[in-house]
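Protein chains: 2
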Amino acid sequence: MITRMSSLFLRTLREDPADAEVPSHRLLVRAGYIRRVAPGGYAWLPLGLRVLRKVENIVREEMNAIGAQEIQFPALLPREPYEKTGRWTEYGDGLFRLKDRKGADYLLAPTHEELFALTVKGEYGSYKDFPVVLYQIQTKYRDEARPRAGILRGREFLMKDSYSFDLDDEGLERAYLAHRNAYISLFDRLGLEYVIVAATSGAMGGSASEEFLAVAENGEDTYVRSTESDYAANVEAVTTPAPAERSLEGLPAAQVHETPNTPTIEKLVDFFNAADLGRTFTAADTLKNVLVKTKQPGTKEWQLLGIGLPGDREVDMKRLEASLEPAEVEMIDAADFAAHPFLVKGYIGPKSLKDNGVRYLVDPRVVTGTAWLTGADKDGHHVVDLVAGRDFTPDGTIEAAEVREGDVSPDGQGTLVAARGIEIGHIFQLGRKYTDAFEVDALGPDSKPIRITMGSYGVGVSRVLGVLAEQNHDEIGLIWPREVSPFDVHVVIAGKDDALSAGAEKLSAELDAAGLSVVLDDRKASPGVKFKDAELVGVPTILVVGRGLANGLVEVKDRRSGDREEIAVDGVVEHLVKLVRG
Amino acid sequence: MITRMSSLFLRTLREDPADAEVPSHRLLVRAGYIRRVAPGGYAWLPLGLRVLRKVENIVREEMNAIGAQEIQFPALLPREPYEKTGRWTEYGDGLFRLKDRKGADYLLAPTHEELFALTVKGEYGSYKDFPVVLYQIQTKYRDEARPRAGILRGREFLMKDSYSFDLDDEGLERAYLAHRNAYISLFDRLGLEYVIVAATSGAMGGSASEEFLAVAENGEDTYVRSTESDYAANVEAVTTPAPAERSLEGLPAAQVHETPNTPTIEKLVDFFNAADLGRTFTAADTLKNVLVKTKQPGTKEWQLLGIGLPGDREVDMKRLEASLEPAEVEMIDAADFAAHPFLVKGYIGPKSLKDNGVRYLVDPRVVTGTAWLTGADKDGHHVVDLVAGRDFTPDGTIEAAEVREGDVSPDGQGTLVAARGIEIGHIFQLGRKYTDAFEVDALGPDSKPIRITMGSYGVGVSRVLGVLAEQNHDEIGLIWPREVSPFDVHVVIAGKDDALSAGAEKLSAELDAAGLSVVLDDRKASPGVKFKDAELVGVPTILVVGRGLANGLVEVKDRRSGDREEIAVDGVVEHLVKLVRG
Numbered sequence: 006m007i008t009r010m011s012s013l014f015l016r017t018l019r020e021d022p023a024d025a026e027v028p029s030h031r032l033l034v035r036a037g038y039i040r041r042v043a044p045g046g047y048a049w050l051p052l053g054l055r056v057l058r059k060v061e062n063i064v065r066e067e068m069n070a071i072g073a074q075e076i077q078f079p080a081l082l083p084r085e086p087y088e089k090t091g092r093w094t095e096y097g098d099g100l101f102r103l104k105d106r107k108g109a110d111y112l113l114a115p116t117h118e119e120l121f122a123l124t125v126k127g128e129y130g131s132y133k134d135f136p137v138v139l140y141q142i143q144t145k146y147r148d149e150a151r152p153r154a155g156i157l158r159g160r161e162f163l164m165k166d167s168y169s170f171d172l173d174d175e176g177l178e179r180a181y182l183a184h185r186n187a188y189i190s191l192f193d194r195l196g197l198e199y200v201i202v203a204a205t206s207g208a209m210g211g212s213a214s215e216e217f218l219a220v221a222e223n224g225e226d227t228y229v230r231s232t233e234s235d236y237a238a239n240v241e242a243v244t245t246p247a248p249a250e251r252s253l254e255g256l257p258a259a260q261v262h263e264t265p266n267t268p269t270i271e272k273l274v275d276f277f278n279a280a281d282l283g284r285t286f287t288a289a290d291t292l293k294n295v296l297v298k299t300k301q302p303g304t305k306e307w308q309l310l311g312i313g314l315p316g317d318r319e320v321d322m323k324r325l326e327a328s329l330e331p332a333e334v335e336m337i338d339a340a341d342f343a344a345h346p347f348l349v350k351g352y353i354g355p356k357s358l359k360d361n362g363v364r365y366l367v368d369p370r371v372v373t374g375t376a377w378l379t380g381a382d383k384d385g386h387h388v389v390d391l392v393a394g395r396d397f398t399p400d401g402t403i404e405a406a407e408v409r410e411g412d413v414s415p416d417g418q419g420t421l422v423a424a425r426g427i428e429i430g431h432i433f434q435l436g437r438k439y440t441d442a443f444e445v446d447a448l449g450p451d452s453k454p455i456r457i458t459m460g461s462y463g464v465g466v467s468r469v470l471g472v473l474a475e476q477n478h479d480e481i482g483l484i485w486p487r488e489v490s491p492f493d494v495h496v497v498i499a500g501k502d503d504a505l506s507a508g509a510e511k512l513s514a515e516l517d518a519a520g521l522s523v524v525l526d527d528r529k530a531s532p533g534v535k536f537k538d539a540e541l542v543g544v545p546t547i548l549v550v551g552r553g554l555a556n557g558l559v560e561v562k563d564r565r566s567g568d569r570e571e572i573a574v575d576g577v578v579e580h581l582v583k584l585v586r587g
Numbered sequence: 006m007i008t009r010m011s012s013l014f015l016r017t018l019r020e021d022p023a024d025a026e027v028p029s030h031r032l033l034v035r036a037g038y039i040r041r042v043a044p045g046g047y048a049w050l051p052l053g054l055r056v057l058r059k060v061e062n063i064v065r066e067e068m069n070a071i072g073a074q075e076i077q078f079p080a081l082l083p084r085e086p087y088e089k090t091g092r093w094t095e096y097g098d099g100l101f102r103l104k105d106r107k108g109a110d111y112l113l114a115p116t117h118e119e120l121f122a123l124t125v126k127g128e129y130g131s132y133k134d135f136p137v138v139l140y141q142i143q144t145k146y147r148d149e150a151r152p153r154a155g156i157l158r159g160r161e162f163l164m165k166d167s168y169s170f171d172l173d174d175e176g177l178e179r180a181y182l183a184h185r186n187a188y189i190s191l192f193d194r195l196g197l198e199y200v201i202v203a204a205t206s207g208a209m210g211g212s213a214s215e216e217f218l219a220v221a222e223n224g225e226d227t228y229v230r231s232t233e234s235d236y237a238a239n240v241e242a243v244t245t246p247a248p249a250e251r252s253l254e255g256l257p258a259a260q261v262h263e264t265p266n267t268p269t270i271e272k273l274v275d276f277f278n279a280a281d282l283g284r285t286f287t288a289a290d291t292l293k294n295v296l297v298k299t300k301q302p303g304t305k306e307w308q309l310l311g312i313g314l315p316g317d318r319e320v321d322m323k324r325l326e327a328s329l330e331p332a333e334v335e336m337i338d339a340a341d342f343a344a345h346p347f348l349v350k351g352y353i354g355p356k357s358l359k360d361n362g363v364r365y366l367v368d369p370r371v372v373t374g375t376a377w378l379t380g381a382d383k384d385g386h387h388v389v390d391l392v393a394g395r396d397f398t399p400d401g402t403i404e405a406a407e408v409r410e411g412d413v414s415p416d417g418q419g420t421l422v423a424a425r426g427i428e429i430g431h432i433f434q435l436g437r438k439y440t441d442a443f444e445v446d447a448l449g450p451d452s453k454p455i456r457i458t459m460g461s462y463g464v465g466v467s468r469v470l471g472v473l474a475e476q477n478h479d480e481i482g483l484i485w486p487r488e489v490s491p492f493d494v495h496v497v498i499a500g501k502d503d504a505l506s507a508g509a510e511k512l513s514a515e516l517d518a519a520g521l522s523v524v525l526d527d528r529k530a531s532p533g534v535k536f537k538d539a540e541l542v543g544v545p546t547i548l549v550v551g552r553g554l555a556n557g558l559v560e561v562k563d564r565r566s567g568d569r570e571e572i573a574v575d576g577v578v579e580h581l582v583k584l585v586r587g
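Heads up: the protein sequence lines correspond to chains P and C, in order. Following our numbering, the numbering of the first sequence begins with 6 at its first residue and continues without gaps. Following our numbering, the numbering of the second sequence begins with 6 at its first residue and continues without gaps.
Note that these hints are calculated values from the structure, not bench results. Here the structure is a predicted model, which means the values were calculated and not measured. Careful: at least some of the hints might be erroneous.
Because identical chains cannot be distinguished in the list, a pair is counted as satisfied if it fits within a single copy or across any two copies.
Pairs of lysine to aspartate or glutamate, EDC-like flavour, derived with a Cα cap of 16 Å [stated by the list, open to error]:
{"#": "1", "residue 1": "K107", "residue 2": "E149"}
{"#": "2", "residue 1": "K529", "residue 2": "D134"}
{"#": "3", "residue 1": "K298", "residue 2": "E326"}
{"#": "4", "residue 1": "K453", "residue 2": "D193"}
{"#": "5", "residue 1": "K104", "residue 2": "E149"}
{"#": "6", "residue 1": "K133", "residue 2": "D527"}
{"#": "7", "residue 1": "K298", "residue 2": "D341"}
{"#": "8", "residue 1": "K89", "residue 2": "E222"}
{"#": "9", "residue 1": "K298", "residue 2": "D235"}
{"#": "10", "residue 1": "K583", "residue 2": "E515"}
{"#": "11", "residue 1": "K107", "residue 2": "E175"}
{"#": "12", "residue 1": "K300", "residue 2": "E26"}
{"#": "13", "residue 1": "K537", "residue 2": "E20"}
{"#": "14", "residue 1": "K272", "residue 2": "E444"}
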């Protein structure tokens, strides 16, 4: 069936939408693929839905290829299973919760670990039933604090989530690798530029976990990779190599100095370097104590938490949040300082935190035997040579400090370089968190129960569409990869002559008969308007039926390269079929 | 790809689920198509999802065939557009409402009239843009008071909803007929037994409206049809023909009688027939006054309402509810009688209702000049010859009385017979309710705005699957129509001999290569278990590879008729391809 622009529900826009921050959002709206109807909620117009279905089907093919079986759950689910695993509470404000007419609690599911585990428990019982991999392609909900960038971060979105169920860790490892390979195949097929990085597992629980990040300048995720090895990780997942502990023996005693007007690291270092102590200080020699407050999900009280880190590094809030998840975290404010007079702003040291029962976690670099220049808990005073393990003992370590380009790679090979990306896939080895919660067992050959181990694997299907647009566009519009283009060929009637219409109709019918999908611009608009729209809409091949037709010629334009080629009308169908089929 | 029972995520059940009231629910659960995961919420297991996708695609084809264009909206929508049309309130408890993290009101959409109207307003502006028909196949939510019968009445379900936008009433009529024909084509293709009946338009608003009801003994809807004409209507939509008004002249005056112990119609009629008044009374001569209370959506107060109807008819609550929609309605209870002493139970008449400001609506049969035996508003007293239009004047008429088989058809031709059905489709001429609310106009050729008129058309996609099961089963299992069967052929290896497995594998591969979809029962179970499961699962054609294979024969069984045929193994693929392709 030929799609006609004259009746297609499509109005392209000349102006960028006011709320569009990134190219994919801007162009998908302008080219009439999506429309915003709510914060983080988008309508898929005909072109957008066509592309979405293509992406969805490619995802489905790759899942089926690894033997995963498709099922589908409701999005509206009762509280109980999520209560049982703690996620009802842990998800915090990110979960849409509601009550039904009887007052029972429900949620709009962000992911379905609980339901898949329960369903496998319900259907399967013998070791012979396993392994099994199930998946769904389904609408998901998250109450994002800041929905943004169009479909890249919405509150209702389409996701493929799959779950593996295995008898043992080796089985889980196999299922994990099968998914890893399926995702590589999937994202390669879509022509995406992406990296696979180590990840934290977030609210899912579990251990081994990697993310597929599409490379994107304006991505929300930052990842680092080593200059010398294949180490790559989301910054949230980077672990700081701890130096070896040092002997406490013979270290000079801690000394308090009066240090007027030194509330910043820079002033402090300058002060001491000017103080003629016989040595030189850098910011890295100072121990900066940052106070935050945290709130566990389901509780209302904020707790103080001290973070100690070398003074040459800032706290990276995303890393800190990832380390403290599922707790919420905020910097303390003036009111908190006022409420806790032992916190001397600019001069906080480990001592008063300990004396006042504030939990104190330090950067992994702060090992036993390291000596620090830090606050003396008294206005205008600092202490030199405060030694970890001698003068203070932190409650533990935390990954909260920023990761910087040039840092040594955690695997010890090379240094780190950073880039930004958009998460398009995530694979987890969940282990037994969910199967423990629901006692999902298989009866073994010896009639003893075997606790099942689980993996969870997601692809953001609608987000992938956004990422495809992000990686495939220029200033004038979208440029779809053939695999997902809404149409194979965009036929433009470039003129008002009836012969042109007739010729274009005939060619479109022939292309359609040859199995290509065709959009035909049969509108009464000027050729200029039609060309602009064709470039904006982004079908990779544009067939222009214009004045040359009188001489038996039509023009084939490659949207990506801009190359144009005059082709004999007699051979153009065959030419295009070859082009499209590759 | 051949689906193997040995790995298919399927466990058939021997026992009926405890909560299953109807055959489709019972069999879809037992055969492993669906699983209940919440009240009115079902998971689609692999077999169920396959059938659902087939139904969905047939619906899509029929919609595309009438030029409708597919788009898709979120299910989670902000309150504002639904507030504007009043539906936020009118839907009452049937709407799932929730708040986001910022406290803003949202709903899970039951239908999308508002969003489609707004989107057309946003994209289109000229008379040249119209007509347009848009649709989506999307998950819908309704907080049903009594979710029941499995997927026949769930709270989360899949629906196709389309909307037509026209410049004038003739256009709307054309779009309506196009949908009517598309639905006929669709339901015929699915082999459903159904009727098209006049319908009320419910909370949608609008005028002309018909329902497609699948014929089903245990359906929730009752419809009637004429013995002599093509009149057919949902009982809720039956209009009672009003007799002609009669002259008031010469009618005898109303007379109050003491009628001790006559709180029921039967006792009352007996009393008067024994009272020797020179005439015979029947229940139809009495005017029964039934008191109900109603509550408008968004209000908290219940209002009394009197319903007057001939004493030989009961109030049909569904008809009454349909007449009063969107108000809620309940019978009054003892507390209400106590609170309103002017309501003399068993002896209520029109007079005290009027005197006490209670709204009073009567059956259309109660026309001016009709004389009634009714309550005298005094314990143990009735009044004879109380004449409508002389002694009392109702506030209007209402369709609340039961419709009975044998009633004269509203079109005057023949009498009514009743049957039950399940609503599978609904077509409405909405008119301008929504386009007025959002001022959806097109600029006409004279540059004057034309208010667009709208139609709305729904098919319950997941419900259709349930109805198909309801109409296609026997005692031992499901029997799918070919168009929607999860597989074309169910191959059973009937024996443990390796040669049988090899033969069945070879045939399955050949069938697969020929383009048929195959499920192969390669489990280690006994032939008896496999046959039972095949019959339960309901693929229309079963290929049994058994002992006959040694003699070059296999058996083809027709699931519906039970007929078995021995076929030479060499010709069976060709035979089955013909069978399946029709």
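Now the hints, each set against the structure:
1. Only between protomers do K107 and E149 lie at most 16 Å apart by alpha-carbon distance; the minimum there is 10 Å, versus 27 Å within a single protomer.
2. In this homomeric assembly, K529 and D134 come within 16 Å of each other (Cα to Cα) only across copies, at 12 Å, whereas the closest approach inside a single copy is 62 Å.
3. With identical chains, the CA atoms of K298 and E326 are at most 16 Å apart within one copy only, with a shortest distance of 11 Å there and 55 Å across copies.
4. Taking identical chains as interchangeable, the C-alpha atoms of K453 and D193 are never at most 16 Å apart, the minima being 43 Å within one chain and 53 Å between chains.
5. With identical chains, the CA atoms of K104 and E149 are at most 16 Å apart between copies only, with a shortest distance of 13 Å across copies and 20 Å within one.
6. For a Cα distance limit of 16 Å, the shortest separation of K133 from D527 across copies, 14 Å, qualifies, whereas the shortest one inside one copy, 60 Å, does not.
7. Proximity of K298 to D341 under the C-alpha cut-off of 16 Å is restricted to the intra-copy arrangement: shortest distance 9 Å within a copy versus 57 Å between copies.
8. Taking the shortest alpha-carbon separations for K89 and E222, neither the intra-copy value of 40 Å nor the inter-copy value of 41 Å comes in at or below 16 Å.
9. Taking the closest pair of Cα atoms, K298 and D235 never come within 16 Å of each other, the shortest separation being 36 Å inside a single copy and 74 Å across copies.
10. Taking CA atoms no more than 16 Å apart as the test, K583 paired with E515 passes inside one copy only; the shortest distance there is 14 Å, against 30 Å between copies.
11. In the homo-oligomer, the alpha carbons of K107 and E175 never lie at most 16 Å apart, since the shortest distance is 46 Å inside one protomer and 45 Å across protomers.
12. For the homomeric pair K300 and E26, neither the shortest alpha-carbon distance inside one copy (32 Å) nor that between copies (48 Å) is at most 16 Å.
13. With identical chains, the CA atoms of K537 and E20 are at most 16 Å apart within one copy only, with a shortest distance of 13 Å there and 63 Å across copies.
14. Taking CA atoms no more than 16 Å apart as the test, K272 paired with E444 passes in neither setting, with 58 Å inside one copy and 64 Å between copies.
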